Every structure is written in structure tokens, then in C-alpha cells.
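Please arrange chain B on chain A, whose structure you already have, making use of the hints.
Listed below, chain by chain, are the residues.
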Amino acid sequence: MAEATLTTNTMKPSIWNGGRSPFKVSWGKLMMWYFLVGDSFSFASFLITYGALRFSYESWPAPTKVFASMPFLEGVKLPLMFVSFMTFTLIMSSVTMVLAVHYGNHEMNRKKVTKWLLFTILGGIIFLGSQAWEWTHLIVDEHMTLASNPFGAPAFGWLFFTITGFHGFHVLTGVIINCIVCAKVARGDYDRKGSYEMVEKIGLYWHFVDLVWVFVFMAFYLL
Amino acid sequence: MSNEHGEAPDMVKLIWKTTLWLSIITVAEIVLAVTLTEFFTENGMLLVLNAFYIIMSLAKAFFIVSVFMHLKFEVKYLAITILIPMTFLLFAVIALLAEGDSWLHMRTY
Numbered sequence: 001m002a003e004a005t006l007t008t009n010t011m012k013p014s015i016w017n018g019g020r021s022p023f024k025v026s027w028g029k030l031m032m033w034y035f036l037v038g039d040s041f042s043f044a045s046f047l048i049t050y051g052a053l054r055f056s057y058e059s060w061p062a063p064t065k066v067f068a069s070m071p072f073l074e075g076v077k078l079p080l081m082f083v084s085f086m087t088f089t090l091i092m093s094s095v096t097m098v099l100a101v102h103y104g105n106h107e108m109n110r111k112k113v114t115k116w117l118l119f120t121i122l123g124g125i126i127f128l129g130s131q132a133w134e135w136t137h138l139i140v141d142e143h144m145t146l147a148s149n150p151f152g153a154p155a156f157g158w159l160f161f162t163i164t165g166f167h168g169f170h171v172l173t174g175v176i177i178n179c180i181v182c183a184k185v186a187r188g189d190y191d192r193k194g195s196y197e198m199v200e201k202i203g204l205y206w207h208f209v210d211l212v213w214v215f216v217f218m219a220f221y222l223l
Numbered sequence: 224m225s226n227e228h229g230e231a232p233d234m235v236k237l238i239w240k241t242t243l244w245l246s247i248i249t250v251a252e253i254v255l256a257v258t259l260t261e262f263f264t265e266n267g268m269l270l271v272l273n274a275f276y277i278i279m280s281l282a283k284a285f286f287i288v289s290v291f292m293h294l295k296f297e298v299k300y301l302a303i304t305i306l307i308p309m310t311f312l313l314f315a316v317i318a319l320l321a322e323g324d325s326w327l328h329m330r331t332y
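Top line first, the protein sequences correspond to chains A and B.
Counting from 1, position 41 in the first sequence corresponds to residue 41 in our numbering; the numbering is continuous, with no gaps.
Take any residue in the second sequence, count from 1 to its spot, add 223: that is its number in our numbering.
These are computed hints drawn from the structure, not numbers from a lab.
If you're wondering where the values come from, they're calculated on a predicted model, not measured in any experiment.
Any given hint could be a false lead.
Dumping the calculated DSS-like pairs for lysine-lysine here, alpha-carbon to alpha-carbon at most 30 Å [claimed, not checked]: (1) A:K65 <-> B:K240; (2) A:K111 <-> B:K299; (3) A:K29 <-> B:K240; (4) A:K201 <-> B:K240; (5) A:K77 <-> B:K240; (6) A:K77 <-> B:K299; (7) A:K24 <-> B:K299; (8) B:K240 <-> A:K24.
The shape of chain A in the complex, shown without the other chains:
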């Protein structure tokens, strides 16, 4: 009797019987997803703090007034144009990343993956350079510090530097990991392994950085 029950149970295709992956993803990819869930809570805590403090001030610096400068164009007021360029760079680097993932997973095409990863790294570096310029401009020309700024509410300074800084740090680590993965792709490591999943995992991280920028951009430059 007991034997018969056991046989019927193993015959029945149910995810509760074990022996296969219910989510049909590898351990590494699943853990990357759950790391990103955790990381989105760190960014959420930053942005919600920003919201709470912003609501506690009568007035808040207007983005079109604060972010109106462009490199090489001193004295010209071009509201939000430089950050548009930064945003577009990050979106495009996300596109090149997803293309690298696609050609890795579906064609195992080492040359194409290397090419698109290099474009992604370039996009990341341009973004970081732009952010460095923006910070330098705000610190040196506008005398914005963590404690004070010429635009209004004192909390604006430290919220801007900590939140864009934390995001920029993510971009930096993303660029570094992309460089390592790109070198390994070019060396043929993943061809030998028979799987380009590492490109997909770092791809998830890179898209997350772009995703966070959507909300950082909204909070600081639009609202």
C-alpha cells in the first residue's frame, strides 16, 4: 500500500515533489535577483528620506534653476540639458548591455558580446565622467556643501551628494565588473564553460543601476 502511494506521487508532475528548479533559473541568477530586491530597499530608504525631508520644508530648490549648466558653455543657461545627456547615455548603455546578454545566451557569439560589452563600459565611463563634472561644478562654482547650498533648503546638498553618490558608486562597481566579465568573454572563458550566464547576471545588475537612475532622476531633476 505504502509502496503504491509512493509510486503515484513520483509519477505526478508537481513542483512540490522536488528534484527540479521551480523557478527554472540557476542559483546564481536567483541570488542576483534577490540581491537586487535588497538593494532596491537601500535606494528606497534614501529616496523616501529625501521625500520626507522635502515635505518638511516650505520651499525646495527648483531643478531647472539648479541644474542649468553645461561643460564648455560657461554662463549659458540650459536647464536640464546636461542631465538629459547623462540619462540618455545610461539608457543606451542598458540597451548595449541587453544586446550583449542576447548574443551571449542565444548565439554564444564571443565577438558580438565583447563588442556590446565594450560599448556598455564606454557608456558607464561617460556617465561617471559627466557626474564628476556635475559634482565639481556644484562644489567649486556654486559652493554647494553637505551642510549648505545657495539654492535653498540646506538638506538639499547632502541628500543630492549622498543619493547620486550612492548611485554613482553602483555605476562604478558595475563598470569594474563589466570590465572583468568583458575580459573573460574575450579570453573565451564562457565558450569553454559552455554558458554565457555570467553576462546575463551582470546584465541584471547593470539594468538595475539604470532602473534606480529613473527614480533618482525623477526625484532630483523633475519633481
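Just chain B now, with coordinates in the frame of chain A:
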């Protein structure tokens, strides 16, 4: 190797289509922010503009997560375990923005 995740046959086309949408939304947001902020502020309708930014940002997030991060093509329950915790953030947003608003009335500086 292909269709391992049961995805659309022409993924590259979908990627570029998504890129186009992300770009259109971003350009629309920036154009509105630069040209219409003053108009909406003067007419006391800034809330409308802000609601537009929030909805459009959520749309962009949806495009990035579903297509670029491939979540649309994963097993449904994986997506659920990732998205359910996010809904709790809504609670934090409402609670802390309301709290921030009350700090405004307590400020003496």
C-alpha cells in the same frame, strides 16, 4: 539554446522598440519640465505635472524590468516573489511623506 526561456522570437526588435519608448518618455518628461513648470506652478496645478512624472517613471521601470531584465519571460512565481516585497514600499512612502509634512508645522527655522 533559443527559446530556453520561452521568449519572443524577435528579441532584438523588441529591445529596440523598448529603447524607443524609453527615449520618447524621457524626452517628453524633460520637455515638459523645461517648458511648462512655470505655467503649471502659476496656475496651482503642479500636482498634475508631478503625477505625470511619477506615472511615466513607473512606466519606464516597467519597461526596464520586463524587457531588459527579462522578467516578463521568467516563471510567473519568480516575478511574484520579486515584486510583492516592493508593494510594501508604498506603505513607507505614504507614512513618511505624511510625517515629513507634519515636521513642516513643527519647524521653528
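Here is what the structure says about each hint:
1. A:K65 <-> B:K240: violated, 33 Å
2. A:K111 <-> B:K299: Distance of about 33 Å is beyond 30 Å: violated.
3. A:K29 <-> B:K240: Since the Cα atoms of A:K29 and B:K240 sit roughly 26 Å apart, the hinted pair holds (cutoff 30 Å).
4. A:K201 <-> B:K240: holds, 23 Å
5. A:K77 <-> B:K240: violated, 33 Å
6. A:K77 <-> B:K299: violated, 48 Å
7. A:K24 <-> B:K299: OK: A:K24 and B:K299 at ~10 Å, within 30 Å.
8. B:K240 <-> A:K24: Status holds; Cα separation ~27 Å.
Violated hints for the displayed structure, listed by number in ascending order: 1, 2, 5 and 6.
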